[in-house]
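As given, the protein sequences belong to chains S and U, one line each in that order.
To convert, note that position 32 of the first sequence is 32 in our numbering; the numbers rise steadily by one, no gaps.
To convert, note that position 162 of the second sequence is 162 in our numbering; the numbers rise steadily by one, no gaps.
Fair warning: there could be bad hints in the mix.
Each pair may be met inside one copy or between any two copies, as identical chains are not told apart.
In silico DSS-like pairs for lysine-lysine, Cα to Cα no more than 30 Å straight-line [unchecked claim]:
{"no.": "1", "residue 1": "K286", "residue 2": "K349"}
{"no.": "2", "residue 1": "K286", "residue 2": "K103"}
{"no.": "3", "residue 1": "K236", "residue 2": "K83"}
{"no.": "4", "residue 1": "K253", "residue 2": "K286"}
{"no.": "5", "residue 1": "K253", "residue 2": "K292"}
Calculated directly from the structure, the hints in this document are not laboratory data.
There are 2 protein chains.
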Amino acid sequence: MLALKGAAIFGQSGGPSSVINSSALGCIETALKNENITKVYAMEHGIVGMLNDRIYDMTQEDAAELRLMLHTPSSIFGSCRYKLKDDDVEPDDYRRILEIFKKYDIRYFFYNGGNDSMDTCNKISKYMQKVGYECRVMGIPKTIDNDLAGTDHCPGYGSAAKYIAVSMGEIYHDANVYNSGMVIVVEIMGRNAGWLTAAASLADINSHGPDLIYLPEVPFDMQSFLDEVELIYERKHNCIVAVSEGIMDKDGKYISEYGSDMAATKDAFGHAQMGGLAATLARYIKNRTGAKTRAIELSLLQRCAAHCASQTDIDEAYMAGRRAVEAAVEGITDKMVGFECSRIDGNYKCDTKLFDLKVVANAEKKVPREWINEEGNGILAPFVDYALPLIQGFPEIPEEKGMPRYAKLKKIYAK
Amino acid sequence: MLALKGAAIFGQSGGPSSVINSSALGCIETALKNENITKVYAMEHGIVGMLNDRIYDMTQEDAAELRLMLHTPSSIFGSCRYKLKDDDVEPDDYRRILEIFKKYDIRYFFYNGGNDSMDTCNKISKYMQKVGYECRVMGIPKTIDNDLAGTDHCPGYGSAAKYIAVSMGEIYHDANVYNSGMVIVVEIMGRNAGWLTAAASLADINSHGPDLIYLPEVPFDMQSFLDEVELIYERKHNCIVAVSEGIMDKDGKYISEYGSDMAATKDAFGHAQMGGLAATLARYIKNRTGAKTRAIELSLLQRCAAHCASQTDIDEAYMAGRRAVEAAVEGITDKMVGFECSRIDGNYKCDTKLFDLKVVANAEKKVPREWINEEGNGILAPFVDYALPLIQGFPEIPEEKGMPRYAKLKKIYAK
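With these hints in hand, go ahead and build the complete structure from the sequences.
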């Protein structure tokens, strides 16, 4: 195959994570060093920046400053939730993208995100093929939710899982401090898949895990739940519950909606907006047991607490970004870089593997039912074997005046 | 002065912190090495364990395991909120304490906590003097709230402040990721004093601090608040607010109680939904600006997130525990070990200083009004000069399987 010469562009999309900038760095550093890549750009706010011709020139950045992206949370170039329609529905977007591709001689397109971002990659690639513009399109996965199909796991998940597990261990210590009883309900992200909530169980490797864990993979029954909490509370005079924001009853109604007269507010995609579930459950528990309760939402910090990232996740996120560039230069297109891992006798090994964009874009991976106990209130050993390697290593945080030193990019617009 | 020979006992009281066990270690290690101290004990659940004769024998513990207390959050021996009445009101408690003192030949009493714990120290000391039982009583301060009088600051505060500042910086990164607007309200602990909330401003040393900060030291006015948020939101299309849980209006009503005034927020039981303060403010902001809002409570993790402790705080907490033992052995009693610090030209120096228990027990230190801006919505440089030295240094966390390795004590009861 003939070498394809031209510029590369990178973009971030969807919700941020603690390590999405590590993937960005892997991609950008590799591209900057490659002789076939003439220029390296980054989109401001993902595809929206492409449509608005707001594109940063990465060759203007200081290399040492770029390196700090390894420990800088959230999407440093800005993200978006813009969903490309099909080109026969909204041809203007595609014409505009082609125009920008031509303007900057873009031949390499790297997009870092979740399901929707892989869909964006796929649509752009198909359009470019249709109009005969030669380019290579690669997806780099990112989602703390860990729900992308194909890949063993997703960059971003390990760090969120680590933050959750460490925080649960700390909450355990706090909860056990008085001899007066308390029920604590901790609400964890993950609308449809319970990967993040299951990570609470990792605190159990040194016996500091929650007593009960509820994932959206199993229909939630309020009466059973209250029975289960009461049983533990009567025995231990203490109970810690980890619960996914997305749990539903058998009729498909979100439990978070039980507590409110207000109609569920909807987000831009028409999804019901979560929140307040922990408080709702705490009220039910208080009514039933009379116990003192506390509701905790781990909230945004699950996806941005870079100070508690997993070093393994940082390294793998970088590797995914680097591999995307290497593969594209080798002539590969229309793929997402995922991971294939082995965990034999506790020896974890992770390699990159390429997946078809189309496969990834339209599937959602859930926690296998057999990794959840029969009662649906606890997590079994196979999950721990799966997830524990992903949270290894505390990163060494670059400091300035006792605070983490984040990357400060110049962000100079390309001409 | 003649050496006083006998056993030493240590106890923890009040709310936990990330470094209370570091003070415990400073106290216990120093006592174990001292030739005048014949035995070293720890009370289970503070003074309650004393009353119930549930006392751990520290000589049975492994030294290396004890060392891990430097990074183990929350009160490892258990805490209590038991308030001793005066001895003429409740003489039984005092008689019981004297009995235990005699049983174990306790001559050194160390108690680690906040205002109430210093009051407990003071009462026990006075009683022992009255009945002619020779012993030395020392208080070791602990409170994330930083509201103890006399001392420059309190062990526990630096770590909570660091967690808050680091988290605020991470939330800043997350909030700025989309180009769609958002108002985030972060609720921070501290019912009467704003030290913890003020720490949010430390994120500003690298420009990632909140836009608005409200402390309980200044009466809160809802209309001014909404004006201030709206102004920033219109300018930046984004706004981050840090607010103390204890803010009140000029009539002394907690703003957190405003939520129950709002109609249409009843839960499934027909109770007004109290929610948190952050949620209440977020609803007001949404009503006024129409902005997307998010309410975040940093909750318990402020006082137990040992993975993000300040190394300075860990070291100083240890120093306070050690000094308490040294001073008592020297013949000092009825004092609390506090800190005296200098911050000349950015050179921070912290020494221990002894304070009268009686002085500490009945006062409450607030953030000086002149460290808050005139509008009452921001923090000024003198606070940063004061607090920044206290959050220096990320600790190196002992790990086991990628999770923090906490101290596992044998906790063998004394006979």
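- Quick check: which numbered hints come out false for this structure? 1 and 2
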